[in-house]
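S.K.: Here's the letter readout for the chains.
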Amino acid sequence: MSALISENKLRQLAAEWIGSGRRTIAPVAIKSRLLYMPLQSAEALSLDTGARPANTIKEFFFPKAETLYGYRVKGRSIELIEPANPEEQIILAARPCDAAALPVLDHIFNWDFKDDFYNRRRASTTVITLACTEADEHCFCTSVGGAPDSERGSDAMLLALGDGRYEVRCITAKGQQLFAGATEASTETGKAIAVPLRNFEPEKVRAFAVEHFEDPFWAEHTQTCVGCGACAFTCPTCHCFDIVDAGPMAGGVRVRTWDTCQSAIFTQHASGHNPRSSQPGRQRQRILHKFAIYPEKFGEVLCTGCGNCARNCPAGLGVLSVIREI
Amino acid sequence: MNESTQFEPKIIAYVCNWCTYLGADLAGTARMQYPPNVRIIKLPCTGRIDFNLIVKAFEVGADGIIVSGCHPGDCHYTSGNYHARRRWILFRELLDLIGFDLDRINFAWISAAEGKKFQQIVTEVTEKTREMGPYSELYTTGPVELLPELPHTPAPPVTFADQEELQAQARKLLSEGSVKVVIGYGERGPVLVTRPDDCGRLVWNDRSTANLAMYLKRREVKALGPAAIVVKACDERALVVLEKESQLERKELHVIGMACEGLGAPKCAICVSRTPRFADCVIGQATAPVPDSQLTQDRLTQDRLTQDRLDALMQLSRGQRMAYWTQEFERCTRCYACRQVCPLCYCERCVVDKNRPVTIDPAPSTKGNFAWHLTRAFHLAGRCVGCGACANACSMGIDLGLLNLQLAKAASEYFGGYQAGVDLSAELLIGSFAKQDKEEFIR
Numbered sequence: 079m080s081a082l083i084s085e086n087k088l089r090q091l092a093a094e095w096i097g098s099g100r101r102t103i104a105p106v107a108i109k110s111r112l113l114y115m116p117l118q119s120a121e122a123l124s125l126d127t128g129a130r131p132a133n134t135i136k137e138f139f140f141p142k143a144e145t146l147y148g149y150r151v152k153g154r155s156i157e158l159i160e161p162a163n164p165e166e167q168i169i170l171a172a173r174p175c176d177a178a179a180l181p182v183l184d185h186i187f188n189w190d191f192k193d194d195f196y197n198r199r200r201a202s203t204t205v206i207t208l209a210c211t212e213a214d215e216h217c218f219c220t221s222v223g224g225a226p227d228s229e230r231g232s233d234a235m236l237l238a239l240g241d242g243r244y245e246v247r248c249i250t251a252k253g254q255q256l257f258a259g260a261t262e263a264s265t266e267t268g269k270a271i272a273v274p275l276r277n278f279e280p281e282k283v284r285a286f287a288v289e290h291f292e293d294p295f296w297a298e299h300t301q302t303c304v305g306c307g308a309c310a311f312t313c314p315t316c317h318c319f320d321i322v323d324a325g326p327m328a329g330g331v332r333v334r335t336w337d338t339c340q341s342a343i344f345t346q347h348a349s350g351h352n353p354r355s356s357q358p359g360r361q362r363q364r365i366l367h368k369f370a371i372y373p374e375k376f377g378e379v380l381c382t383g384c385g386n387c388a389r390n391c392p393a394g395l396g397v398l399s400v401i402r403e404i
Numbered sequence: 117m118n119e120s121t122q123f124e125p126k127i128i129a130y131v132c133n134w135c136t137y138l139g140a141d142l143a144g145t146a147r148m149q150y151p152p153n154v155r156i157i158k159l160p161c162t163g164r165i166d167f168n169l170i171v172k173a174f175e176v177g178a179d180g181i182i183v184s185g186c187h188p189g190d191c192h193y194t195s196g197n198y199h200a201r202r203r204w205i206l207f208r209e210l211l212d213l214i215g216f217d218l219d220r221i222n223f224a225w226i227s228a229a230e231g232k233k234f235q236q237i238v239t240e241v242t243e244k245t246r247e248m249g250p251y252s253e254l255y256t257t258g259p260v261e262l263l264p265e266l267p268h269t270p271a272p273p274v275t276f277a278d279q280e281e282l283q284a285q286a287r288k289l290l291s292e293g294s295v296k297v298v299i300g301y302g303e304r305g306p307v308l309v310t311r312p313d314d315c316g317r318l319v320w321n322d323r324s325t326a327n328l329a330m331y332l333k334r335r336e337v338k339a340l341g342p343a344a345i346v347v348k349a350c351d352e353r354a355l356v357v358l359e360k361e362s363q364l365e366r367k368e369l370h371v372i373g374m375a376c377e378g379l380g381a382p383k384c385a386i387c388v389s390r391t392p393r394f395a396d397c398v399i400g401q402a403t404a405p406v407p408d409s410q411l412t413q414d415r416l417t418q419d420r421l422t423q424d425r426l427d428a429l430m431q432l433s434r435g436q437r438m439a440y441w442t443q444e445f446e447r448c449t450r451c452y453a454c455r456q457v458c459p460l461c462y463c464e465r466c467v468v469d470k471n472r473p474v475t476i477d478p479a480p481s482t483k484g485n486f487a488w489h490l491t492r493a494f495h496l497a498g499r500c501v502g503c504g505a506c507a508n509a510c511s512m513g514i515d516l517g518l519l520n521l522q523l524a525k526a527a528s529e530y531f532g533g534y535q536a537g538v539d540l541s542a543e544l545l546i547g548s549f550a551k552q553d554k555e556e557f558i559r
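Protein chains in written order, with the numbering used here: chain A, 79 to 404; chain B, 117 to 559.
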């Protein structure tokens, strides 16, 4: 037995969620690109699975600017202001490669210090994925253990039947709760028909990167990296951050912002010395972190194969392009 | 409204140390009364007044701003005020596009002898601002009008210059040893070719849209030795600006020009320069720029739409323009791809990366993003060659091209048709001045 929902009903549900004050996030078409954004109305929801959103859902768990606390200086004392608790949110039609990044991020934000900010958002969010029906040249989830219908990280999954109806697979109680009473029982099942080409073995990448640390390979193939953070900031698993203070002495906020190992100042010491002094070294770091350093600690790769790094790279690089050269 | 509940505007006055500050001093010693609403901030020279300070004043709650210095010809540093005036002309246009209220920013020349004028201006600006009420439109949000979309048109039918000739030329240069690296286009993106045998990696096709001049600023590329670079006529303009700004030794660079009839990018539709003019060699042949009358229907439509977007935005109210940019900048993640791919953003250390002190909030907050995008656009005022690399690189699709276009239009309108990187003999727009520069907005 399966449960089905029509597109109309799905939009009705989304409208209800929005109406009940829950922050409902979904892909929205903005100027010929898809972006995950909070929905203003259910009509804005894009169920097109042809393209992948240019951003990822990590920003709803690990925002690009997270206020850690506010402060106000009053005479000789300082008042600290706690940020408000995160609101309940529902992410609709997320791609499986986005959801699969959540268990990966869970490790990072909980292995020594338990990050309340992340955990609270995680607890107050329900993730509904939409299985992919198309893969583009940049997709490679199957190379890193994912699949176009991987349920990892999802609370529920929608699978298109191709006629405006979707099969709903509720994976957790949270997911079940959202769709309770909204689906019809049926014997039909949906299918993820996207087939990303299986391109590489992560283990070989790890071995190569570790054994060729000082290899001219890196300079040869990654010298054209321009040193922006487009790959890291649109990566579902990249999680490096910086902490900055904003505001005058009298009162302001301490904010956690995204940071990227591709920027030259990421490793710059106060003395001026930079241990990672050239761009190829920074590109190597990105591959190493994803395929050697993180797996060593947590037993899986730090990549879900979404391909956003290549899609958004101004220089046509990205994990897959570099790995292809190996 | 009785006096006690009357709105009292906060006015910030940025004044120069040598004229206006002494003017204010004179007003004080002469016991001339003026409203206490003004907070004076003294700076060495109007030429030193960073444009971000103007925006910052609004952020900390100013309702009106006065910027004032020595009369033209009287600058203590000879020409600081002339340079400042030229920047104000352009900066006002940028602020206008973003939706700042220009009526709240007052420029004046006040000399050390003009205590009376200082008194007058402070009084008048205070009155005016009081009538306007508190400034509440800063970074306003709200429903946003949709601008006309640029249609996605396929590349026009073009004849490409010979890719093999390009490869042969590169091979020759590398074999001779006159250059150590060829910066060119590859199958998946830019490539740096250092060995004659690798020249087969060079391609020339409709994806050769990037402006490779961005690599000339990179330390890793400089370290490779003398370079040859593949440019189109549009990219070449960046080389002209870089040379004029002493950022490259033209003699040490080998420029391989590609004749180009357009690659299907929006900018190609309005391109009038098909053949590089300053290249050491030009590969292929392009027809002469097509006269307007012969432009294909497609190109005409696109050309009009590019301008239309800017016009449509300018026709919105100030508040709506601000709301438009609030929504655009909201998406910014501060990945700085726009800066990294810009051939003319070459500072060793970008102002936004400086943290002692922090001048631009490094967090992608509303004010941080406004400050960043204002800074990026304005640092390119009169310098941007319109290659569109920044907007192409933006993964969030922020309309950076509109900011650049507005400044390019202003440069052309107020400075005798000035276009950056077109004329080798023209003086740089920023860094020079003319005594007759526009001045009717200054009192």
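I should point out that these hints are in silico values taken from the structure, not numbers from a laboratory.
Possibly wrong hints are sitting among the right ones.
Covered stretches of chain B (chain A as the covering partner; in silico rule of three or more C-beta atoms under 8 Å from a C-beta of chain A) [stated by the list, open to error]:
| # | region |
| --- | --- |
| 1 | 236-249 |
| 2 | 331-343 |
| 3 | 439-453 |
| 4 | 473-480 |
| 5 | 485-491 |
| 6 | 495-509 |
Ideal placement from N, C-alpha and C gives every residue a C-beta, glycine not left out.
S.K.: If a hint holds in the structure, say so; if it doesn't, say that too.
M.R.: Each hint tested on the structure:
Evaluation of the coverage hint for the region 236-249 of chain B: breached, as 0 residues show C-beta separations to chain A shorter than 8 Å, against a requirement of three. As drawn, the region 331-343 of chain B meets chain A at 5 residues by the rule of a beta-carbon pair under 8 Å; at three or more, the given contact holds. For the region 439-453 of chain B, the stated coverage by chain A holds: 6 residues have a C-beta nearer than 8 Å to a C-beta of that chain, and at least 3 were required. Under a criterion of three residues with beta carbons nearer than 8 Å to beta carbons of chain A, the stated coverage of the region 473-480 of chain B is upheld, 5 such residues being counted.
Only residues whose beta carbon comes within less than 8 Å of a beta carbon in chain A count, and the region 485-491 of chain B has 0; fewer than three means the coverage is violated. Only residues whose C-beta sits within less than 8 Å of a C-beta in chain A count toward coverage, and the region 495-509 of chain B has 3 of them, enough to reach three; the restraint holds.
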